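*Asks:* Position chain D relative to chain W; hints supplied.
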Amino acid sequence: VTGLALPDDPDVRELLPAFLARRAREAEALAAAIAAGDAEAVRRIGHLLKGNGGSFGLPALSALGERLERAATAADGEAARQAHAELVATVAALTAACRAGDVGSATGPAGHP
Amino acid sequence: VLVIEDSPDLAELLRRKLRQEGYDVRVEHDGLRGLSAARQDDYALIILDRSLPGLDGLEICRRVRAASEVPILMLTAAGDVDQRIEGLDQGANDYLAKPFDVGELLARVRAQVRARRPAPREGFALADLELHERARTVRRGEAPIALTAKEYDLLHHLLAHARQVVPRDALIAAVWGHDFEGDDNVLDVFIRRLRTKIERPGAAKLLHTVRGVGYVLREEAPR
Numbered sequence: 001v002t003g004l005a006l007p008d009d010p011d012v013r014e015l016l017p018a019f020l021a022r023r024a025r026e027a028e029a030l031a032a033a034i035a036a037g038d039a040e041a042v043r044r045i046g047h048l049l050k051g052n053g054g055s056f057g058l059p060a061l062s063a064l065g066e067r068l069e070r071a072a073t074a075a076d077g078e079a080a081r082q083a084h085a086e087l088v089a090t091v092a093a094l095t096a097a098c099r100a101g102d103v104g105s106a107t108g109p110a111g112h113p
Numbered sequence: 001v002l003v004i005e006d007s008p009d010l011a012e013l014l015r016r017k018l019r020q021e022g023y024d025v026r027v028e029h030d031g032l033r034g035l036s037a038a039r040q041d042d043y044a045l046i047i048l049d050r051s052l053p054g055l056d057g058l059e060i061c062r063r064v065r066a067a068s069e070v071p072i073l074m075l076t077a078a079g080d081v082d083q084r085i086e087g088l089d090q091g092a093n094d095y096l097a098k099p100f101d102v103g104e105l106l107a108r109v110r111a112q113v114r115a116r117r118p119a120p121r122e123g124f125a126l127a128d129l130e131l132h133e134r135a136r137t138v139r140r141g142e143a144p145i146a147l148t149a150k151e152y153d154l155l156h157h158l159l160a161h162a163r164q165v166v167p168r169d170a171l172i173a174a175v176w177g178h179d180f181e182g183d184d185n186v187l188d189v190f191i192r193r194l195r196t197k198i199e200r201p202g203a204a205k206l207l208h209t210v211r212g213v214g215y216v217l218r219e220e221a222p223r
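Sequences listed follow chains W and D, in order. Reminder that position 94 of the first sequence reads as 94 in the numbering used here, one-by-one numbering, no gaps. Reminder that position 100 of the second sequence reads as 100 in the numbering used here, one-by-one numbering, no gaps.
So that you can see chain W by itself, here it is in the shape it has in the complex:
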């Protein structure tokens, strides 16, 4: 488990709880899409995550989005499940850090600082 920095920007910090709540809902929809073998839905959710994450100063989320897009294109269910599990853990870690008001010390999955 490595450090996952929360953005310093005060506007982003203020919007972050709603942003993460939406990502948590997306993670639920993603689980359903993976279970149903709906590659297009997996790709779409990955695409949104990629665009949103980095723009909010959270490149780890963009990286997960990109992995989901690749998994969907390759019809690789296992890769999609793994990325989903990391997404759930990352969003939970960021949400906890947000609640603690703790900048720069959230913990996320290994390999995704």
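Please keep in mind that the hints were generated in silico from the structure rather than gathered at the bench. This one's a predicted model, so the numbers in the text were calculated from it and none came from an experiment. By construction, the Cβ of each residue, glycine as well, lies at the ideal position given by its N, Cα and C atoms. Some clues are possibly wrong.
[Stated by the list, open to error] To give a feel for the contact side, a few chain W residues facing chain D, derived at Cβ under 10 Å:
#, residue
1, Asp11
2, Val12
3, Leu61
4, Thr95
*Replies:* Just chain D, lined up with the frame of chain W:
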């Protein structure tokens, strides 16, 4: 600024950041509503997401550009060169790939808005005669020329129409107003004074009389 972006998180972040830069911001999350908003008002800039529900960003770009010169900054998918080319070909002024740095987006907005705004005119020049509007100063070569307010207004109007014959009545209206009811010989008096101040022996003659019509400022080599 009009923001057409379907991600509510990103749209809200852009709204906040643009407001902090002093822009009035309207946000639409749907392509059709976005196009309708784009047609309703004159915006300094439109930030347009490429992928939108309702109507594609590329189609919105094409339709807006057909009727307006408003700068369009398109948000495209990272790494998709085709999307960028299509966007620019359909009339977008600039693009930014998602995910983007908000600071960079704001800098691109400033650049587009600046490019659309005409540069403030600093003044006029003819040969070595220069008039600086903001400082209200006049010089010929290196030598400053002191003018009265009316002399300055007269020279300003003539310089603004340099190389064009300006009729007497147009000059009188510009300097003394349309309601002027005095003796129009006053113009000849001011022209004579102006000539004394701006012309230099041995230098190009600038202020010329067009008999029966008016006056013109143009460079004429000394005889």
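*Asks:* Each hint needs a verdict: does it hold in this structure or not?
*Replies:* Results of checking the hints against the structure:
Checking W:Asp11 against chain D by beta carbon gives a least distance of about 5 Å; that is within 10 Å, so the hint holds. About 7 Å separates the beta-carbon of W:Val12 from the nearest beta-carbon of chain D, less than 10 Å, and the hint is met. Hint status for W:Leu61: holds, given a least beta-carbon distance of 9 Å to chain D, under 10 Å. Taken as an interface hint, W:Thr95 does not check out: its beta carbon lies about 14 Å from the nearest beta carbon of chain D, beyond 10 Å.
The structure fails hint 4 only (numbered hints given earlier).
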